[in-house]
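Peer 1: Following the numbering used here, the numbering of the sequence shown begins with 1 at its first residue and continues without gaps.
Mixed in with the good hints there might be a few duds.
Only pairs whose alpha carbons sit at most 30 Å apart, straight line, appear in this in silico DSS-like list of lysine-lysine [stated by the list, open to error]:
#, residue 1, residue 2
1, K380, K337
2, K328, K380
3, K46, K328
4, K161, K328
It should be emphasised that the hints constitute simulated quantities derived from the structure, not laboratory data.
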Amino acid sequence: MRLELRQLEKSFGAARALSGVSLSASAGTVHAVLGENGAGKSTLMKILSGAERADAGQLILDGAPFHPESPEAARRAGVSIVYQEPLFCADLSVRENILLGREPTRGLFLDAARGTEIAERALQQVGVTGSWGLDTTLRELSPADRQLVSIARALSNADCKVLILDEPTSALTGADTERLFEIVRRLSGAGVTVLYISHFLEEVERVAGEYTVLRDGRSVSTGRVADTTRGELVSLMAGRTVTELFPRTPRTPGEVLLEVRELSGRRLPQHASVSLRRGEVVGIAGLVGSGRTELLRAIYGLDSRASGQVRVGGLAVAAAPVALSARKVGLLSEDRKGEGLAESLSIAENVTLSGTSVLGPWGLALPARSHAAAVRWIEKLGVRCRGPEQRVRALSGGNQQKVALARLLEQDVDVLLLDEPTRGIDVGSRADIYRLIDELAARGKAVLMVSSYMPELVGICDRIAVMVRGRLGPARPVAELTEHGLLLEATG
């Protein structure tokens, strides 16, 4: 047995994160670790990778006790991790990011030639080809390419025995996802044990042989993926039966709330036009890098507009977030850490950050009202936390996403621009988000939604437009579209 975890426990103050987690994985296997946000997956992986220490229990690697005191100690022992949202030095090159903290030396000096060799081999393993390479700075790369660099960094450890992949496809295109699957299969064929964390069960069915489900800090089930249905996995993760994943109440679209005419950015999008009516959900499909995010940012005024016009309620609006906000338009950013949240602040402060005028007289924000608003959204969205005063940085990625969404909903806008609203959110929570979007549309709100996940676009949208290389096609009724057809269009 390559890796064994026996009855691991971990607490943070009074909060119990792990309450007896056990897992076994053989050499050369892909083992999926499943669970809802807050189930304990991230804490478990931090313990394995040396970022945290378990309070109790045993870790055994290749038959010997394994208790890494730091990430570097774990790496030397052969355990590498790729986080869902890895940290980078944006102004350093790809080469420097891959080698950071582990640069090869010759005596007292850096061995530049050896470093280049290691970095090149790592990039070859993830199949990077094209317009960027070792000398490109991370700031120049797309989120998908940065994710490939993080995987290459993990694979630069030639003695890797256990590779942990935490939501590795969340920022990847379809082609890059297929490439990742090939990398995973090749590594497992070479004897590397891969722990694969994903909320996309179709990925788990394709790439993993075995699974362990965590719920509320406990391991509740282990088995073979081939012997378990998707519905059974969802029920095990949620502790309940999740039905009607894509709810749809009757919708009657009303007047046009948002109209985009021939909108162009400095680079992307190019002459994009779309309209959005009260009481409807319009989806934007397309590959990462096609210009979907740039379209929402240009509409909201975060990115400058080269030409075109945005009209809200029939009136032209300037390219400035304050102008759009005044017209009751809100944006949920794809980059929740960089733009969507103030991680050092509490949940309550984040939820009410953009609407303090309603929290007290004379522009004052009364803590009691802020607290009450946060409690309401914590209950509504099912945010797993210790309470409204908990710092956002202490939450799991999926729960952080819920807080970012709660901040937008607290503003009670009429037009919601949602950029990957369910990224990093588990199956049960996604069902809650879909139900919420359906409720918003039924109440007469208008939703323009970007997503890389075709099933959710087909499942909850009324119309879908496809963006290819910066150009937006017409929004067509969802009844005329299929997931396969959308993917074919998106690939050009």
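Peer 1: Is the straight-line distance between the alpha-carbon of K328 and that of K380 30 Å or less?
Peer 2: Cα-Cα ~22 Å, so holds.
Peer 1: For a C-alpha distance cap of 30 Å, please report whether K380 and K337 respect it.
Peer 2: holds (22 Å)
Peer 1: Run the distance test for K46 versus K328: straight-line Cα separation, threshold 30 Å.
Peer 2: violated (41 Å)
Peer 1: Keeping to a limit of 30 Å between CA atoms, is the pair of K161 and K328 held or broken?
Peer 2: The given pair, whose Cα atoms are some 52 Å apart, is violated under the 30 Å limit.
Violated hints for the displayed structure, listed by number in ascending order: 3 and 4.
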